[in-house]
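Trainee: Build the full structure now, drawing on both the sequences and the hints.
Each chain, written out:
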Amino acid sequence: MAKVGVYVCHCGSNIAGVIDVEAVRDFAATLPEVVVARKDLFMCSDSGQEMVKQDVRDGLVDRVVVAACTPRTHEPIFRAAIEKAGLNKYLFEMANIRDQGSWVHGHDHEGATEKAKKVVASAVGKARNLEPLEDKFVPVTDAALVIGGGIGGINAALQLANMGHKTYLVEKKPSIGGVMAQLDKTFPTNDCSACILTPMMVEAYNHPNIETLAYAEVEDVSGYIGNFKAKIRRKQTYVDWNKCTGCGDCTLKCPAKAPDEFNLGMSDRRAAYIMFPQAMPKKAVVDIEHCLNCAGREIGTLPKINEKTGRPILAPCERACTAEAINRTIAHNREGAIKEIEVGSIIVATGYQVMDKGWFKEMAPASPNVVTSLQLERIISATGPTEGKLLRPSDKEKPHTITFVSCVGSRDENFHQHCSRVCCMYMIKQARLIKEKYPDMAINMHFIDVRAGGKGYNEYYVGARKMGINFFRGKVGGLEMLPGDKLRVLAYDGDTASTVEYESDLVVLATAIELPQDANVLAQKLGLQFCGSNFFRELHPKLGPVETATEGVFLAGCCQGPKDIPNTVAQAKAAAAAAAVPLAQGQVRIEPIISEVHPEVCSGCGICIPLCPYHAINMITYADRPRAQIEMSACKGCGVCTSACPSGAIVLHGYEESQIFAQIEALTA
Amino acid sequence: MIIDQSKIDEAVSTIIGYGGHGILSCVQCGACSAVCPGVKAGFPLLCRNLIRQLLNGQLEEIIEDSSSWGCQACNRCTEVCPQGVRPQEVVFAFRRYQANQLAFSTSSVTSQMNLFETGHAVYTDPREARKRVGLPEQTPTSAFDELAKKEIQTLINNSPMGELGLF
Amino acid sequence: MDKIGLYLGCNIPLKAPDIEQSFRKIFPVLGIEPVDLQGASCCPAWGTAPSFDLNTWCVLSSRNLTIAEAQGVDIMTGCNSCFGVLSEAKHFMKDGDRRKAVNASLAAVNREFKGTSDVYHVAHVLHRKVGAEKIKEKLKYSLDGLKIAVQTGCHALWPTDVYKVTEDNPYFPTMLRELCEATGATVPHYSRLEGCCGMGGMRSTDAEKSLGLFREKLLSIKEETDADLIVTTCSSCFLQFDMSQPILKERGLIDFDPIPTFYYTQLLALAMGFDPSQVAAISQIDRGAVISEIQSEKRLIKEVA
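From first to last, the protein sequence lines stand for chains S, U and B. Just so we're aligned, residue 1 is where the first sequence starts under this note's numbering, counting upward by one. Just so we're aligned, residue 1001 is where the second sequence starts under this note's numbering, counting upward by one. Just so we're aligned, residue 2001 is where the third sequence starts under this note's numbering, counting upward by one.
The set of hints was computed from the structure by calculation and includes no laboratory data. Incorrect hints may have been included.
Stated by the list, open to error - No farther apart than 20 Å at their CA atoms in a straight line, the calculated lysine to any residue pairs in the SDA-like style are these:
# : chain 1 : residue 1 : chain 2 : residue 2
1 : U       : 1131      : B       : 2015
2 : B       : 2209      : S       : 501
3 : B       : 2100      : U       : 1158
Values in this document were obtained by computation on a predicted structure and should not be read as measured data.
Mentor: So, in structure tokens, the structure goes:
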């Protein structure tokens, strides 16, 4: 005979405003094996919890039912409470009479109360049959994987490494640095971006606890928190990075051309290239897609011999390299090589891309003098296509009038409804930098609103106005193409309710921030979900900003949503702290609400194995016969195997047959 | 200007009732006005500004303004709007409100009469010109088709237009 | 031959029947038989039923479409406004409740809208169904060396979500340019190409504002292209270009001679060798010089069978 205590919560007026709590309590007292039935204003309060604990301590109850809100948020609270009072925490059942009661049946008080009674009866039925369960623990691999080597990933890796955890930093480009490496200066301090970034890049790259895998991508991830196995594909560089000194001689000799992604297609690089001057690692890569295979010589073939000199005719890159790092005779595997690693936590910090101008038909995308903001950033950067001189792409002449257009693709139901958050500030930054250098430049900025919410941001914006930069409140509706590759801007001044039209030499579009296409691929590998704006979804928008629905996988930076550098760094450090928890604890708790096979009952039919969505079941030999066995750390307690087993050999702890039948009986009474 | 919620509600529901369903989606960005030929030509109450007035509850106050009748229905506003407002439909909803309150310009009365009498909003006698270019004098349209004219008159009489007492 | 309903609207059959004649001449040569829509009325124009009641608009537009449905043909319109009115009406008729209400009204005249006829513009038929290559084949005269400024007009371009045929980029349209280039002419871009000419509701409400807008457009054409002629596929635009240039000249608001304006099919008809007194006879701006130039012997390509 169980001694069930039922506690009904008013939850202020959340429940009591609809449900007659007194009636439910009275009803609960009549149920079989219920020895105590109480009610309280807020069961989760100190006094509410104390009420339950006292009954446990007094030996009055050995099974607890709380009729209140949702177990999703409050089950852990009550479990902890009864455990503190000395009762096994799994001898607890929650009846949700709020989300499934008062909140959805607000118009039918009588009906809601009757339903609450039934729900409580069901919970009591289960509680009577609950068995004590013990938490299980598995050891944790003390290592972390950070995917993405931008400012977010670098910070997360440094934080973890400084805490003493071995960290793998995987970056798909040949160098770490991310988008921040492409910026000229950063707002609101106008720090040189590379100057503040490179020390961190150096620190991360040289950190004894960080192993940087550049030009590598995550191929596959399996396992669970504390015990992930990841396959990292190290892409083929065709250059021996152990020998390469980053001198760049090969890049000077290579005849093949390709658009330079670092300069967003505004200049060319060679097929043999180094990503940018401050690259880390500073190593050359041969982009085999654009390699001309000089003299028709494929990779992995011998060079022809010069008949006169008797020496091999080497490719220009091979000949240029004094470190003998390029050898095209070697049959390099085009697929690169797989490195397998084991980690306890994973942080995803894969960053973002800006939309291409081609999407915006009304913004004259065919004109060379219409550029995206990131392209402008490259133009004004000293390492960019014009060595930092502000010149129009069409004729390399200095512009006299520049136009900035905000919200291109953002706040737009045709593309992205979200606000990309950083554009107002970076447009103001670019305008201020340009106005400083060229005081005579006419700069016209067109906004829907100016969003300057961060620290020092409003001051920065006001400062821009004081410099004589023009601000217009009205979205640009389109551009017309004029002779001489100029643009006519079709704008609007909402404040005076008049149209605005003028000729501009250079138009900068602040296009929306979004995730690249391959984010879908990564999401599938890691079980990541997407939110409404198509960024990776965090566990809870308010209280779980760095966690995901998959335990052990965390998010940092713009891949979770648009944000500026201070917020990216803050989130990266937060993700590192969260990711370090299982590593620091050394073990991971497995909730015992999982399935178990009774081997003596199991007939060895094997039906359960392909049904398990988590691949948690395999066959072992038990008493000379093959029987199924469930790996407890992989089992999620979904119950599919339990219901499928024809022999009834599998039990799902916490949802046993006797418990479920008792619930059905109570609900159909 | 005083903000009176009941006037705002009336303005919004009137516009929605006449077909301007997107009015509440407007964030007043101004892209529509930036490209509207009417705004460019100098009509004061179109697109963003018209929507602003309506969202301020100023329905009756602006009823005499002729700007809405300068809207070409070109729909460039609809094409650029980032919030799916379909501003042209809001302008036309306002027009319908004006028309049903008989607040339309006298010049447009001729068009309505022409439509009713001949089935064509603009009508001139075409026979001479048609003969000159080698076409049959009579057009194959309602202008010379008694049954067609009857149909059109029946349809107009049975409609809210008929109730305005113009015909 | 492919049949398609010829929806004439108001201005073309009543004010500019030479444009109508140009349709009737060129389409059969290009393999399309225009079918008359007997008893068709005004689309109805934006300033009429659409400005009074949405359902009444749909009733009158649907009546026109049922005439085509009865003959089992799609329709092509010569005027952009008609194209816009009819296309949008058809789009509104997708709503089940509205369809019921409209068909209830149409029942009074024994008609029922089924939605089986699609709405095209003459330009769409020429560009997509016929194609530049076929047009080239049927030319008698080449317009090589002539500079044309094109006017696509508004309603053919926007809103793209309710039209059957749209430009790849409506802000930088190419269909009319390609149709003109098929005759051998050069068609330079000008910055205000996609802009409104000011005809329509704007002109009837405030002619001065309409003229102001039109003048900007005209100056863009003159200064950026110095075109020999202007070609449009909208009858409303045609009237604006033809009527208002002389007005501007008279008032001293432009200092150059009005540029001769043609509806595209008129130009094509001339290039095919048809009689100008039938296909390009009615205009305020004297087009005689350009017409003679187009149909001059030196421009003959081959004998048309």
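Trainee: All the hints need checking, so say for each whether the structure fits it.
Mentor: Comparing the hints with the structure gives:
1. 1131(U) to 2015(B): Within the cut-off at roughly 12 Å; holds.
2. 2209(B) to 501(S): holds, 17 Å
3. 2100(B) to 1158(U): With a Cα-Cα distance of about 15 Å, the restraint between residue 2100(B) and residue 1158(U) holds, given a limit of 20 Å.
Checked against the numbered hints above, the structure breaks none of them.
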